[in-house]
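Asker: Listed below are the residues making up each chain.
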Amino acid sequence: MQTTYLDFEKPLMELDKRLDVLRRLGTRSPTEEAELCRLQEQCRQLEAAIYGTLSPWQRVQLSRHADRPYTLDYIAALCSEFVELHGDRCFADDPAIVGGLARFRGRPLVVVGHQRGRTVAEKVRRNFGMPRPEGYRKALRLFHLAERFRRPVVTFIDTQGAYPGIDAEERGQAEAIARNLREMAGLRTPIIVVVVGEGGSGGALALGIGDRVLMQENACYSVITPEGCAAILYGERTPERAAWAAEALRVTAADLLALGVIDSVIPEPLGGAHRYPEAAIALVGDAIAQHLEELAALPLDELLARRLAKFRRMGEQAIAEEDEEMEMR
Amino acid sequence: MAVRAIRHVQEEGESIWLKCGTCQEILFRKEVERRLFVCPKCGAHLRLTVEQRLFMVVDRGSFVEHDSTLSSRDALGFTDRKPYAMRLAEARCKTGHREGVICGTATVQGRRVALGVFDFAFLGGSMGAVVGEKLTRIIEHALAERLPVIFFAASGGARMQEGVLSLMQMAKVSMALGRLRAAGLPYLSVLTDPTTGGVAASLGMLGDINLAEPQALIGFAGPRVIEQTIREKLPPGFQRAEFLLEHGMIDLVVERKDLRRVLSQLLGLLCD
Numbered sequence: 001m002q003t004t005y006l007d008f009e010k011p012l013m014e015l016d017k018r019l020d021v022l023r024r025l026g027t028r029s030p031t032e033e034a035e036l037c038r039l040q041e042q043c044r045q046l047e048a049a050i051y052g053t054l055s056p057w058q059r060v061q062l063s064r065h066a067d068r069p070y071t072l073d074y075i076a077a078l079c080s081e082f083v084e085l086h087g088d089r090c091f092a093d094d095p096a097i098v099g100g101l102a103r104f105r106g107r108p109l110v111v112v113g114h115q116r117g118r119t120v121a122e123k124v125r126r127n128f129g130m131p132r133p134e135g136y137r138k139a140l141r142l143f144h145l146a147e148r149f150r151r152p153v154v155t156f157i158d159t160q161g162a163y164p165g166i167d168a169e170e171r172g173q174a175e176a177i178a179r180n181l182r183e184m185a186g187l188r189t190p191i192i193v194v195v196v197g198e199g200g201s202g203g204a205l206a207l208g209i210g211d212r213v214l215m216q217e218n219a220c221y222s223v224i225t226p227e228g229c230a231a232i233l234y235g236e237r238t239p240e241r242a243a244w245a246a247e248a249l250r251v252t253a254a255d256l257l258a259l260g261v262i263d264s265v266i267p268e269p270l271g272g273a274h275r276y277p278e279a280a281i282a283l284v285g286d287a288i289a290q291h292l293e294e295l296a297a298l299p300l301d302e303l304l305a306r307r308l309a310k311f312r313r314m315g316e317q318a319i320a321e322e323d324e325e326m327e328m329r
Numbered sequence: 330m331a332v333r334a335i336r337h338v339q340e341e342g343e344s345i346w347l348k349c350g351t352c353q354e355i356l357f358r359k360e361v362e363r364r365l366f367v368c369p370k371c372g373a374h375l376r377l378t379v380e381q382r383l384f385m386v387v388d389r390g391s392f393v394e395h396d397s398t399l400s401s402r403d404a405l406g407f408t409d410r411k412p413y414a415m416r417l418a419e420a421r422c423k424t425g426h427r428e429g430v431i432c433g434t435a436t437v438q439g440r441r442v443a444l445g446v447f448d449f450a451f452l453g454g455s456m457g458a459v460v461g462e463k464l465t466r467i468i469e470h471a472l473a474e475r476l477p478v479i480f481f482a483a484s485g486g487a488r489m490q491e492g493v494l495s496l497m498q499m500a501k502v503s504m505a506l507g508r509l510r511a512a513g514l515p516y517l518s519v520l521t522d523p524t525t526g527g528v529a530a531s532l533g534m535l536g537d538i539n540l541a542e543p544q545a546l547i548g549f550a551g552p553r554v555i556e557q558t559i560r561e562k563l564p565p566g567f568q569r570a571e572f573l574l575e576h577g578m579i580d581l582v583v584e585r586k587d588l589r590r591v592l593s594q595l596l597g598l599l600c601d
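Which chain is which? The protein sequence lines are F and L, in order.
Using my numbering, you'd call the opening residue of the first sequence number 1 and step up by one each time.
Using my numbering, you'd call the opening residue of the second sequence number 330 and step up by one each time.
Hints may be right or wrong, so weigh each one.
Said to hold, decoys possible - To spell it out: a stretch of chain F is covered by chain L in this simulated footprint if at least three of its residues, at any positions, have a beta carbon under 8 Å from a beta carbon of chain L; those stretches are:
#1 168-176
#2 182-189
#3 214-223
#4 244-253
#5 312-318
As the list claims (entries may be wrong) - Cβ pair distances, simulated, as ranges:
#6 L/G350 x F/E240: 30 to 40 Å
#7 F/E324 x L/T558: 44 to 54 Å
#8 F/D323 x L/E419: 13 to 23 Å
#9 L/H576 x F/A305: 34 to 44 Å
Stated by the list, open to error - Some but not every residue of chain F turned toward chain L, in silico, with C-beta under 10 Å:
#10 G199
#11 I209
#12 G260
#13 R307
#14 E322
Hints listed in this document are in silico derivations from the structure and should not be mistaken for laboratory results.
None of these values were measured; they are calculated from a predicted model.
From the three backbone atoms N, C-alpha and C, an ideal C-beta is built for every residue, glycine too.
Bound-form chain L, shown alone (with noise of 0.2 Å):
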């Protein structure tokens, strides 16, 4: 399927107004948009939904999406407040997605890409199996075309509802970019805001470059995981994008409005 129109469309009851999760402030919803979703007091890069992504990184009209028909089954038959099988309903009413991850080829100023897009707004972007075999099947059409690998993630980690199913897609992703690297195919992880858990310790870290957006939350355990463990206080800062490039984590902190020139560039110098 061919997404004809990626723009984000003032939608009804949606209020001219935002807040910025971040310093609080209100901001005027046109010109937050106009600055690709960074808030013009403090920089925080707000979260993006899957197409305001698409938007800014891929050339227009160019995006291609792979494997939407796939969705979850409720295999474990897992009920908790509600069934999972609702949960699913109700993500998919909220985001418009069938799943967690949008999968697709586009170019990216000229250059022909395959992509895998986080959705958070999706049960938090959790990875069960479909996410899972979305992100695999890209990777292996990346390997048949000989294709570039891009992933944007924002995840809080595996998918609990699915159990250790979705534990083992950490390994099925793992394993299919194993291949990917073994066939000489670059693959850039682009990390934002949020990348913990299972997504982190899989597909998040494993880029031949990893990229975040700054201040992203990156790690393996929550920060209220961490804090519940020690019982301290975090630092300021921790866990964060540019604690992360201090610490040898990752190659790159790139601002939302230089991601896509950014990428391209990486690209031609891997792949020229």
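Just chain F, same shape as in the assembly (with noise of 0.2 Å):
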């Protein structure tokens, strides 16, 4: 059951609690019989209203929801096997990523992905999901294995961005980005990339090079926070400001289709990854699989020319060609 209501959900809550107590009954009267199909259809009709036309900026709040599934969700739920690797061998391990080795649906391969904490203790710990280099060379040294041992790789997006700390600056946090775009656009096996919640920058981009990438509906990916574009070009992180930037920023599944920047949306249940996590999580798991045939039909090579091909045409439409020359001062 939900744990954690946005303002735009409240309406949701008292709904949901008498559900929940009518549902706990082990036998139930007629008169709760009936009540439960009257809840359950005023609760449909709510999430209509409400998840039926969201804005920018509640898909963004959305997608950064403590009940929204996470990385460690999605494996548990849809690898069989899922042994979990760990470290970086030049520093440590980072547990803002986790990855390591899985079986989905018969078939292995590597999984890796960024990790938030639900407790605060575990928040803490995973450090809310922001990863320093040690955590971008761990993906690294998972992704060359797969690549040694011919294993697809599937990583899931969900990170406000890379953390910018001392100590991540001290140890090269550019460096250990920059490195993952250059070895993930040429890696040899095939790589799935699937945006399950916050797709924050840079560091989301460092384990977002694929053949595939794939986006929830109610994620979402962007070059800056919504908050730090308002920040830095009005000087305030009000949430109308916020709300704005999500807007002009472009940062929905739909938006990143549009601009063809993710080649696909997996949609979520009508209310939402977090409040119907299994159901979520069993359509990512039917994309992945969808997927992942596609791309084990296709030779390397011709798989690596896709990936560049790909790469190479994102922000033409943003570029013009202009006839007269302009002579430098």
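From the two separate chains plus the hints, produce the assembled complex.
Answerer: Next up, the structure:
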């Protein structure tokens, strides 16, 4: 059951509470059964009203929702086996990124993703899902492992961004991210990227180069957080400004599909992944299976050529060619 | 387009005095120019225009600009206090350039190279789709002609006004650099003040050899963002070129007066 309600979800709170009481009953009287049906119908209508017309800012808030499934939830539900592997072999193990060997619908693969925490202690331990360089280096080590043993890679993206801290800078945050971009681009094995929560800038992109980049309906992906954008352009972090920035930056799955940055949108059940995690996870699993199958059929050289061509085109709608020469001063 | 005369011309209304941003000393412009825009008092390496940079590094008259007609289109319809299109127009007026990076080929002490020089004065050297495209195209040209590549970075990072399209330029350029690497061609990355964000975290740190000018600010997150996150003052010298050298992130800190010679020497040792 949902534990946290955003402002625009508040109307559902009381309803959810009553529904929960009724659902928990071992046996229900005919009156109780009728009430359950009535409330369920009311709930569907309210969900349609709330989640049917989400603004970009509301989607950003949903992408960060505390009840949304995280990487380890996806792995636990979708993989019959998972052995988590640790450490970058240089400095440390970064709990903000998890990864390892897994078996998905019979197929062995390497899975890597950002990991936020649920409890306060876990949030702190995982640094709120903000990786340090060792996290990206661990990811790269696992990507190379996948390449050597011809295992496809699946990554889950869910981070506010790479950690902006002194230690992270000292150990080369910029270098770690840059290297991942270059290496993922040429990795000789299929890569599927799934944006399941917040896709925060370079810290997300460092796990985000793939043959297929998929995105859940209520996930978002941006060059900067809407709050950060508002702070830079207007010097204020108010919700109103952030809402403006969320719209201006085009951060929703539908926006990114239209811009050619992602390949496909994975639908979420009405009400969102945070209210119906099992159903949402199943939809993600089906999408991964479908794309894995398509990619497995491609010869490796063809796969890499297509990956290259796809990223080569990115941003072409923002490029114009002018006729007249411009003289340098 | 060949640049016939890359020379700093004293413009009307331009003061004969100049202030060093580091030590705040008021300096005589001609004297500073003679010293390649290095402060005679504190040694700070002042920010350069693209023309000044080329003038100092490439052989006279050898620079041939590539893809000079590419310009940005406001794909998102982005308007904050000003429309993005207006910001672009202002940046063009201010710098005399169509975009935030100038690319081309030239010789450095007789060696042919492909070059990209960021213009920090053009919207903070930010990388949008055109900057990414020009860099990618010059790498592709280097691949075709088998030339080494040198980029002079000076940038705050990705260009916010192009949203996620600018983020994807990090991927596009890094991918092209990966191809250059696979082809066995060298890439020298010269990090100048300042190089942060998405530019540092892509082409900036990917050099076969990473060089930096003294005291240049280089990092992923900007110092202000870090201070706000950790709620502490940053130690002196943090994220400066010397700090990166100490932490193993760059190969060399090179003074401006030595840069041409060092670049040429490195290319010779890698390519001869």
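Asker: A separate judgement is required for each hint: does it hold in the structure or not?
Answerer: Hints and how they fare:
no. : hint                        : verdict
1   : 168-176                     : holds (count 8)
2   : 182-189                     : holds (count 4)
3   : 214-223                     : holds (count 3)
4   : 244-253                     : holds (count 4)
5   : 312-318                     : holds (count 6)
6   : L/G350 x F/E240: 30 to 40 Å : holds, 35 Å
7   : F/E324 x L/T558: 44 to 54 Å : holds, 46 Å
8   : F/D323 x L/E419: 13 to 23 Å : holds, 22 Å
9   : L/H576 x F/A305: 34 to 44 Å : holds, 37 Å
10  : G199                        : holds, 8 Å
11  : I209                        : holds, 6 Å
12  : G260                        : holds, 9 Å
13  : R307                        : holds, 8 Å
14  : E322                        : holds, 5 Å
Hint compliance for this structure: every hint is met.
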